[in-house]
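K.L.:
Given the coordinates of chain A, work out where chain B should sit on it, guided by the hints.
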Amino acid sequence: MNMKTLIIEDELPAANRLKNLLNSIDETIEILGVLPSIEKALDWFSNNAFPDFILMDIELSDGKCFEIFKQVKIPIPIIFTTAYDQYALKAIKLNALDYLLKPIDKGELADALKKIEKTAKPDLSANFSALVDLVNGIKPKKIAIKEASSTRFIDIESIVRLQADSNYTLLFLIDKTKIITPRTLKDYEDILSDLGFFRVHNAHLINLNFVEKYFKDSGTIEMSNGNTIEVSRNKKKELLLKLGIV
Amino acid sequence: MWIATRDTGLILMTKNHLRFFNTTNGLVSNFTHCLNLDYQGNIWVGTNTGISNIMLHYDNERNCIIDSIKNIVLPNLKEINCITSIKNIVYSGTNTGLVSFDLSKLGINKTPPPVYITGLKINNKIVSINSQKINLNYDENNIVINYVGLTYRDASNTLYRYKIKELDTGWIYTQYTAVQYPKLPPGSYSFVVSARNSDGVWSKDYATIGFTIDPPLWATWWAKASFLLVLVLLLYWRLHIILKRERIKVETNRIVTDMQLRELREQMDPHFLFNNLNTLSYLVENKLPDAPIFVNELSKYFRYSLQSRNIEFTELRNELQQAERYIHLLKIRYGNKLLVHWDIKDAMLEYFISNHSLQLLLENITKHNILSEENPLVVEIKTTEQSALIVKNNLQPKAGNEESTGLGLKSIDERYNLLYNKNIKILRTADYFYVELPLLSPYEYENTYN
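Order-wise, the sequence lines are chains A and B.
The first sequence maps to residues 1 to 246 in our numbering.
The second sequence maps to residues 1001 to 1450 in our numbering.
Extracted from the complex, chain A is given alone in its bound form (with noise of 0.2 Å):
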């Protein structure tokens, strides 16, 4: 199929590769252009259809990405380039967003473009909002997980706890549900760590908000839903500091 694109990069040889990469993955796909600022792009969405989807670098000529989304709705998907930007990366991970990091590899750009090929044209404005919020200071209050054909969108503070299952994540909600989610729980542990969440074990990731008891001699805590958690000996110190028990 012919997908368009546009290239959004303030770097003149980090544009001219991501175009080699995208001709020499899929020929057929038609890049509209590069812009290298805020500017240009708000100038291009008000002028041009949407594309099928952007690559958009994080760091642009004048400001971050981000300041776009401010004043254009993206309805299309967007696959964030950065070389380093922990910040940026947590507020797209906590949304669930693509993102490539620089040096681009093809084999990953080749993936995220199938993902998008396979996904029907998904609304993600919310995304993007939350993302706004997220950049401007705005704790933010749900956390998207991705699944087969849409983005789910869960309150954090109705997650009791999460634990590892190889590299799927469970996601044990206050109202007793449990979600499977295709994520690592490390990957839960870097964006989660800030907002009231801390990994006492290796398989486990708790919210503080829902322990209900401390178990000295077994070392372990119970959680408000009734589940028995463990705790790691070398996590425990860090716990019940956390906790406000020390």
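Worth flagging that the hints you see were computed from the coordinates, not collected in a lab.
Predicted model, so just to flag it, every value in this text is computed and none were measured.
One or more hints might be untrue.
Selected chain B positions facing chain A (in silico; Cβ < 10 Å) [as the list claims (entries may be wrong)]:
#	residue
1	Leu1277
2	Leu1280
3	Asn1286
4	Thr1314
5	Glu1315
6	Arg1317
7	Asn1318
8	Ile1370
9	Ser1372
10	Glu1385
Yeah, the Cβ is synthetic: ideal placement off N, Cα and C, and Gly gets one too.
P.N.:
Relative to chain A, chain B alone:
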């Protein structure tokens, strides 16, 4: 008319007037029994304890003037009931019989009475006087001194005078033979006393006693000295602590600055690294001739960063070289979006500059400003006559970019301040951003660096 009374001495009655003569006037006793006028008009008074001879005359208005009163006290001359005199011979009737004496032979007592200290009481306890110098504690300060003047005639009319040299300005007169000082303050004292017999002759020598009341322990000189010493020590100690704290503060400041700068220097700036690697991928994939040059520059840049981590100040030459590499790498990525103008005087190349400072400035400038074809970022780097390096750029801040914390600039400034007592200058206007970094001559660098 003269009247002798049993308890008020003599009374002289004139027309409408009474005059009294008693012991206060010098009479031997107020218990008078008899009186007699002799051929000279003088009055002889017989009392229970002796005889008084009052010499007097009358002035033109017939007023009686007393010239002198002389008392005769003898062991067998008591309770004189009658008295008369014929020329110089005085006859008196006493309780032991008739006593007569020749007035001309009865001279005045010219013997000075010797005077002695007879006793000492401290806090109402009798203390023996062994030595001339007596040491007392500060609370042994209620002192009674007894003394006596020896006279063989008319002892009751002995008059004393005494003083404590250190306390009294004049003599104190008394007929008592004891004096009490109830609350003497600490100090060294000498008490002196002398006596006068009834004929007005004073002792030849003083009787004296010296004593010292020690101050309480806390008031002794060495106590005061120790106190002062302790105070001085405390002050010194306190000062020492304050100075130490100040030193620690300065040292800590320095260490913190060190760490901040080192951290900044050590930061490989991952963003920069990965972007460059991305560029490199592009150059290599397209077999562009720039690729080897780019790899070379990139290697040199990171090698210098690593090698110069622990250097505080470096020659401007080195800092400029590194800046050139940095800008070269940036120009490959940004092309004409970034323009740099150099104006460096060769003489300044051997001057010293805070290591990594220019580098840090350039990083900040490119991070916070818009780089675009239409509005290129223009950076001027030049030396001045006043030994400074100026870095100036046009201000075109990026949107939504959080205000820079200025931590990097601050730590460079602190470094200059701590080591060379100099400051960097920062000027921000609506149009441009301007920083002036001091350059140190090799002499300054050698001599002020601590």
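K.L.:
For the hint on Thr1314/B, just tell me whether its beta-carbon gets within less than 10 Å of chain A.
P.N.:
This interface hint is violated because 27 Å lies over the 10 Å limit.
K.L.:
Would you check whether Leu1280/B satisfies its interface hint, that is, whether its CB is within less than 10 Å of any CB in chain A?
P.N.:
Holds - the Cβ of Leu1280/B comes within 10 Å of chain A, reaching about 7 Å at its closest.
K.L.:
Tell me if the interface restraint on Ile1370/B is satisfied: Cβ within less than 10 Å of some Cβ in chain A.
P.N.:
For Ile1370/B, the interface hint holds, since the closest Cβ of chain A sits about 4 Å away, which is under 10 Å.
K.L.:
Let's test the interface hint: is any C-beta of chain A closer than 10 Å to that of Asn1318/B?
P.N.:
27 Å, violated
K.L.:
Using 10 Å as the Cβ threshold, decide whether Asn1286/B counts as touching chain A.
P.N.:
7 Å, holds
K.L.:
Does the closest beta carbon of chain A sit nearer than 10 Å to the beta carbon of Leu1277/B?
P.N.:
5 Å, holds
K.L.:
Tell me if the interface restraint on Glu1385/B is satisfied: Cβ within less than 10 Å of some Cβ in chain A.
P.N.:
Where the cut-off is 10 Å and the nearest Cβ of chain A is about 36 Å from Glu1385/B, the hint is violated.
K.L.:
Under the criterion of a CB-CB separation shorter than 10 Å, is Ser1372/B in contact with chain A as hinted?
P.N.:
5 Å, holds
K.L.:
Do the numbers back the hint for Arg1317/B, that is, is its least Cβ distance to chain A under 10 Å?
P.N.:
Since chain A brings no Cβ nearer than about 30 Å to Arg1317/B, farther than 10 Å, the hint is violated.
K.L.:
Identify whether the interface hint at Glu1315/B stands, where standing means a beta carbon of chain A within less than 10 Å of its own.
P.N.:
32 Å, violated
The structure fails hints 4, 5, 6, 7 and 10 (numbered hints given earlier, in ascending order).
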